[in-house]
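*Asks:* With the sequences and hints as input, model every part of the structure.
Chains as they are written, first to last, in the working numbering: chain E, 1 to 161; chain B, 1001 to 1216; chain X, 2001 to 2857.
Rather than coming from a laboratory, the hints here were simulated on the basis of the structure. From a predicted model like this one, the values you see are computed outputs, not experimental measurements. Some hints here could point you the wrong way.
Within a straight-line C-alpha distance of at most 30 angstroms, the following computed DSSO-like cross-link-like pairs (lysine-lysine) qualify [unchecked claim]: (1) Lys-2156/X - Lys-1077/B; (2) Lys-2153/X - Lys-1077/B; (3) Lys-2155/X - Lys-1077/B; (4) Lys-2151/X - Lys-2108/X; (5) Lys-2066/X - Lys-2080/X; (6) Lys-2060/X - Lys-2413/X; (7) Lys-17/E - Lys-1029/B; (8) Lys-2060/X - Lys-2383/X; (9) Lys-2151/X - Lys-2105/X; (10) Lys-1077/B - Lys-2151/X; (11) Lys-1029/B - Lys-153/E; (12) Lys-2153/X - Lys-2105/X; (13) Lys-1023/B - Lys-1037/B; (14) Lys-2105/X - Lys-2060/X; (15) Lys-2066/X - Lys-2108/X; (16) Lys-2383/X - Lys-2675/X; (17) Lys-2108/X - Lys-2060/X; (18) Lys-2304/X - Lys-2589/X.
Label pairs and their computed distance ranges (CB to CB) [as the list claims (entries may be wrong)]: (19) Gly-2143/X - Asn-1070/B: 28 to 34 angstroms; (20) Gly-1053/B - Lys-2105/X: 43 to 49 angstroms; (21) Ala-47/E - Trp-1003/B: 33 to 39 angstroms; (22) Lys-2105/X - Pro-1038/B: 44 to 50 angstroms; (23) Cys-1105/B - Thr-2272/X: 35 to 41 angstroms.
Under 8 angstroms between C-beta atoms, here's a sample of chain B residues computed to sit facing chain E [said to hold, decoys possible]: (24) Arg-1028; (25) Tyr-1030; (26) Lys-1034; (27) Pro-1068; (28) Ala-1069; (29) Met-1099; (30) Leu-1100; (31) Phe-1104; (32) Phe-1123; (33) Glu-1124; (34) Met-1125; (35) Val-1127; (36) Thr-1128; (37) Arg-1130; (38) Ala-1133.
For glycine and all other residues, C-beta sits at the position ideal for the given N, C-alpha and C.
Spelled out from the first residue to the last, the chains are:
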Amino acid sequence: MASQSTAPGILMTTLEKGVNWARTQSMWPASFGLACCAIEMMGTGAAHNDLARFGMEIFRASPRQADLMIVAGRVSQKMAPVLRQVYDQMVEPKWVLSMGACASTGGMFNNYALVQGVDQVVPVDMYVPGCPPGPQSLMHGILTLQQMIMDGKIQNSTGVL
Amino acid sequence: MSWLSDLLGPLKGFLVPLRQIRKGPVTRKYPQVKRVKPQRFHGRHTLNRYPNGMEKCIGCELCAGVCPANCIYVRGKDNPPDNPVSPGERWGFVYEINMLRCIFCAMCVEACPTQAITMTHLFEMSVTNRDDAIYTRTELLVDRDGTPNYPPHEDSPLTNLEELRKGDGWMRATSPSGRREYEGIVAWTPSARTGELPAERGQSSGTPQVSEDADG
Amino acid sequence: MRSMPPSKEGRQPLSDTKNAPEMVNITINGIQHEAVAGERVIIAAEKAGEYIPRFCHHPKLDPVGKCRQCLVEVEGPRGKQLLPSCAIYVTDGMVIDTQSDVVKKAQKGVLEYLLINHPLDCPVCDKAGECPLQDQTMTHGPGESRFVEAKRKFKKPIPVSDLVLLDRERCILCDRCVRVADQIAGDPLITFNERGNQTQILTFPNEPFASYFSGNTVQVCPVGALTSTDYRFRARPWDLEITPTVSLRDTVHSNAEINTSRGRVIRVYGATNDHVNDGWLSDKDRFSFGAINSDERVTTPLRKTGTGFEEITWADAIDTVSARLGAMIGTEVGSIGGANNTNEEAYALSKFMRTVIGSPHVDAQLGDGFEPQLAAAVIPRAKIDDIDAATTILVWGPDLKERLPVLYLRVRKAVRNGANLVVVAPTRTGLDAIATHVIRYRAGSGQDVIRKLANADKSMTAILETLAEGPVVTLFGRTSIAEDPRLAESVAAYGRTLDGAKLMPLLQRANVFGALDMGLAPNLLPGRISTTDTDASSHIEETWGPLPDALGRDTAAMLSGAVSGDIRALILVGADPVRDFPDPQAAEKALEEAEFVVAIDAFVTDSSRHADIILPAALWSEVEGTVTNLEGRVQVVGAALPPKGQARSVIGMLNDIATSMGAELTSFDVSVVSKEIATVAPAYQGITRDGIVFTSSGAGIVVPSQEAEIIVEMAPRYASMAPDAVPTEASGSAVIVPAQGTQPLGYIPTDQAVPMVTDRYTLHYAPAMYDDGVITRHAPSIADLVRDPTVGLNPRDASILAVANGSIVVVDGSVELPVRIDEAVPEGSVVLPFNHAATKGLQAVPAVTVEPIRDES
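*Replies:* Here you go:
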């Protein structure tokens, strides 16, 4: 339900911070590795970079247990409906991170086979440039996203509380 | 004694983590410590200047022509004769790179006849909006002292604007492990790869000459 | 300075000889080939598949052998010799080697030599990417230069004209621009200066390179020495998308290609169609594309409000137009214009008016042309190629150089090749300099000249001798809008009587011939059928349904009908009658009086300003379709861009209006409409857009002349006049009674001996290439080239009026302009610029008063 109050009270502000903190610190990604970016994504999860430091313990195979979809790689026209289905199956609140040039814009594959930007299929919260982005670039995206959630309101992907 | 070894056998496996504890963690503590990038790392582009402050870019569009991802948009213009922006007749008055399309292949760097465009070690470019990923001249062009300019999205939580404005903040952030010797060094930092590229082995330097009648 | 034309004896052998070519055998690199005798070796080798590098050679220009790049070995009596293949001609048994080591060494040496002083600033050079020097250095040149010394330096760039910039450092002295300006355009304004190392191309001091064809020098320049101001640094060749098309700035329809980059037209280049334009373009063809990108384009439908215009949606606009037009009787609606559109659009308009609206009132001409049936179906019609073949050319119409510049080049080429030229015009024209005979007469007294010619008057003996040398091609048209339109009929009738006669009608507005062929004239139906021809029109009725019975009105009658209330609604299709109709004030009044005016236009013009609804139209380069030029050649225009904003093609909007009115018009697909034309219009049988694209190899298809000739006869009112009643040429002193529309010209002869003391002057509107038209005004690069308006007066008249050059006079009591004293203006005439804002206040009065302003103080 859309918030009716205009000025947030002290109680709500504190609760909001608490909820946001909880959300940022336990954001589990759904594995959506589609191409070479997925290798970097795996590397980001492994010991040298260790995504677990940010509460992203594990890439979930089931979308129902995931909050963040990292679209890592080029999305073909055939994969687009699958991508959308996985997104729809994720529970609210959920976020999408578009990793690398192909997922974000199609990159150098400006052709009929690829979706020219995954934001044509799902709403994207964070774009990470790179081809592929290194683990630290990806982590920069994730941390920026976490910061965004921390500063934001308690709401789901459609902007409803 | 086989029964003893059978008993201890499963426990032997626990020695592995014990041994590893001694070696300490391999994890790089990213936001605090940045990885040393390889020397020829392909990071964000910059547009360079000559030491006299003139822009190196002449708006020739060769970078745009060679770009396999078509992510560069350049338009040239007549240099104002009284206050030229770059040596020669032409300067690039529009220079835009869509970082989201860019595949960081550095073909633009290869194609550039004046070494105007080079790639830095800057890699933190995540954006929440596609429009922010289009870097224009303002963002790409290095300052007169050689410091790369800040990206368009100032609200990035990892961008400490205070540090950035000190000039060498970005240098230090991307210098090898934030080494102390880069403290305070702002001009022509090799780690950021602004300025001229050192020649690769077996090549002549290829340093472009600043023409003497640069005002023409 | 070179003089033109060259003496006929000294003419160079040209590759395009009139007779069937004689073939000879030659050997190129050990292989036998056939070649046309007298052909340049470089061309023969190219036909045989051996490309010889070249810079100065151009197939349309005389050979000079300047660059020495095309050296080949030719066997001669003293062994093999290195010769420039562009300057030698094939002979029987010639043995040529283009690949030997000696040849390669020579070519490499020449290239290295050319590059000595050529600045290697390819990254900033506009030519880089399409540069013959670059390309041939790659294919035929040395890898490296041994030259280490300083290169020659010049100040650069120098603006040699408003449109062309010169970079002398890049110049390789190939002489191409000099030859184009001199041989082709006839404006020898650019040439070599200095000697030796300092040799450079330059204009003459204080004389800019003000040629109407200066853009061609930019196109032929093999390096980036000549660049155009409006393309300079705008784009690089490799990101240009090329769309083949034809230029619609005049009725010649020069072939061109539109170069676009990132959704904008960046430049227009000439394309070669030897039947039409030889690859040349006028500067207006080339540089007027700026109007397409103009910010002043109408990009949404507009509705008139009390104070101006408001933007409305297309749905709203279509509803309003269909509701208002649907509420009227068909014959209360008239359509003016359609000459700037493609054949398909003109066809859709013609069908829309005649079937959906039910009105016969359509006219593509704004009273500034002549009889539509004559223009559309004159017999025997000349092709442009016939000009080359003619022995004598008679030009009696608008100034070709100003109005149909590329046709001027063709006439010039013919004269250069030895044809005679007779020019008849009321004042100086661009062709006078090369004409064999020039007849100059007072504007409005043209029929006297005709009568004299027809009756073999003694004063015309020399001219008649020239005209007796056939075949004669007569180019006839209306010399100015102040002239009686029936004069063109008389000229055509006279031209028909000449030996081997061929006739070419001259109208200048874009696709007016296509529009007439599509039936956009009150007395024509699609396919050059007269409305009175019941057999042929019943064929059209099979597809179209019943045609309106009423007689159609032409533009003049429609405009007067709008004032009297007979015509309630006017549809302006790319027409600006307030500027182009001979009586601008009448046009403006009609548009104000009309109950409902729809303008389909790309700009808010003086006319569309009065419209209740403006529908934004797509311009040239945004619509595809076919067009028909002045010889009846149907060619294809291409769409390089989507229409700007919400602008649409006329077919689309008329279809929507028809649907909204409950009728069905045509397809939205140009190819389908083109096929419909091919079935409906008899003359266009089998001529479809797709057919032209796939079968005509770019040359277009000439509409065959119909069997049912429209025979032009000398109009009886001229024939009945006494043959030697009135003197002609400059000495005439007649007072012309104003003529309206197609009314017969009243003619009052007066005594020749009486000097010119009347206070009325006959008016001649001199056309100019850069007139103050809507396209010129909105094209930034040529907008400044519009000449300041002046009143041309004969020195004698000027002395009678006691005015000097630059004095301000009042013409017709309303227009104040400075005087230009010009001997080429016949006595008793005034020459005013055509289509200029300054002359808008004038009415269609062929005779005007001219009064000097006296300084009262």
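*Asks:* Decide, hint by hint, whether the structure agrees.
*Replies:* A quick look at each hint next to the structure:
Between Lys-2156/X and Lys-1077/B the CA atoms are separated by roughly 15 angstroms; this keeps the pair inside 30 angstroms, and the hint holds. The suggested pairing of Lys-2153/X with Lys-1077/B holds, with an alpha-carbon distance near 22 angstroms, which does not exceed 30 angstroms. A hinted pair counts as satisfied when its Cα atoms are at most 30 angstroms apart, and Lys-2155/X with Lys-1077/B qualifies at roughly 19 angstroms. Only pairs whose Cα atoms come within 30 angstroms are accepted, and Lys-2151/X paired with Lys-2108/X is accepted, the gap being roughly 19 angstroms.
At roughly 21 angstroms between alpha-carbon atoms, Lys-2066/X and Lys-2080/X fall within 30 angstroms of each other, so this suggested pair holds. The suggested pairing of Lys-2060/X with Lys-2413/X holds, with an alpha-carbon distance near 10 angstroms, which does not exceed 30 angstroms. Between Lys-17/E and Lys-1029/B the CA atoms are separated by roughly 25 angstroms; this keeps the pair inside 30 angstroms, and the hint holds. Taking the CA atoms of Lys-2060/X and Lys-2383/X, the gap is near 20 angstroms; set against the 30 angstroms cutoff, the hint holds.
For the given pair, Lys-2151/X sits about 23 angstroms from Lys-2105/X by alpha-carbon distance, which is consistent with the 30 angstroms threshold. A hinted pair counts as satisfied when its Cα atoms are at most 30 angstroms apart, and Lys-1077/B with Lys-2151/X qualifies at roughly 25 angstroms. A C-alpha spacing of about 29 angstroms is found between Lys-1029/B and Lys-153/E, which places the hinted pair at or below 30 angstroms, so the restraint holds. For the hint pairing Lys-2153/X with Lys-2105/X, the CA-to-CA distance comes to about 28 angstroms; that is within 30 angstroms, so the pair holds.
With a C-alpha separation of about 24 angstroms, the suggested pairing of Lys-1023/B with Lys-1037/B holds against the 30 angstroms cut-off. Proposed proximity of Lys-2105/X and Lys-2060/X is supported: the alpha carbons are some 28 angstroms apart, at most 30 angstroms. For the suggested pair Lys-2066/X and Lys-2108/X, the alpha carbons sit about 16 angstroms apart, so the restraint of at most 30 angstroms is met. Between Lys-2383/X and Lys-2675/X the CA atoms are separated by roughly 25 angstroms; this keeps the pair inside 30 angstroms, and the hint holds.
Of the supplied pair hints, the one linking Lys-2108/X and Lys-2060/X holds, its CA atoms being roughly 26 angstroms apart against a limit of 30 angstroms. Pair hint Lys-2304/X plus Lys-2589/X holds up; C-alpha atoms about 17 angstroms apart against a cutoff of 30 angstroms. At roughly 31 angstroms, the beta carbons of Gly-2143/X and Asn-1070/B sit within the given window of 28 to 34 angstroms. Take Gly-1053/B and Lys-2105/X: their Cβ atoms lie about 47 angstroms apart, and the range 43 to 49 angstroms holds.
Taking 33 to 39 angstroms as the suggested C-beta distance range, the pair Ala-47/E and Trp-1003/B conforms, at roughly 37 angstroms. Distance hint for Lys-2105/X and Pro-1038/B: a CB-CB separation of about 48 angstroms, consistent with the stated range 44 to 50 angstroms. Remark: the range hint 35 to 41 angstroms for Cys-1105/B to Thr-2272/X is upheld by a beta-carbon distance near 40 angstroms. Taken as an interface hint, Arg-1028/B checks out: its beta carbon lies about 6 angstroms from the nearest beta carbon of chain E, inside 8 angstroms.
Satisfaction of the interface hint for Tyr-1030/B is found here, the shortest Cβ-Cβ separation to chain E being roughly 5 angstroms, below the 8 angstroms cut-off. The restraint placing Lys-1034/B at the interface with chain E holds, with a minimum CB-CB distance near 7 angstroms, inside the 8 angstroms limit. With a cut of 8 angstroms, the hint placing Pro-1068/B at the interface with chain E holds, because the nearest CB-to-CB distance is about 5 angstroms. The beta carbon of Ala-1069/B is positioned within 8 angstroms of a beta carbon in chain E (closest approach about 4 angstroms), and the interface hint is therefore held.
For Met-1099/B, the interface hint holds, the least distance from its beta-carbon to any beta-carbon of chain E being 4 angstroms, beneath 8 angstroms. Because the beta carbon of Leu-1100/B sits about 4 angstroms from the nearest beta carbon in chain E, less than 8 angstroms, this interface hint is met. Given hint, Phe-1104/B at the interface with chain E, holds; its Cβ is 5 angstroms from that chain's nearest Cβ, closer than 8 angstroms. Contact between Phe-1123/B and chain E, as hinted, is supported at the beta carbon level, the nearest pair being about 5 angstroms apart and thus within 8 angstroms.
A distance limit of 8 angstroms between C-beta atoms decides the matter here; for Glu-1124/B the minimum to chain E is near 4 angstroms, and the interface restraint holds. Annotation: interface hint on Met-1125/B holds; nearest CB of chain E at approximately 5 angstroms, less than 8 angstroms. The beta carbon of Val-1127/B is positioned within 8 angstroms of a beta carbon in chain E (closest approach about 5 angstroms), and the interface hint is therefore held. The restraint placing Thr-1128/B at the interface with chain E holds, with a minimum CB-CB distance near 6 angstroms, inside the 8 angstroms limit.
Hint on Arg-1130/B holds. Least Cβ distance to chain E is approximately 7 angstroms, under the 8 angstroms limit. Among the interface hints, the one on Ala-1133/B holds; its C-beta lies about 6 angstroms from the nearest C-beta in chain E, closer than the 8 angstroms criterion.
In the structure shown, no violation is registered for any of the earlier numbered hints.
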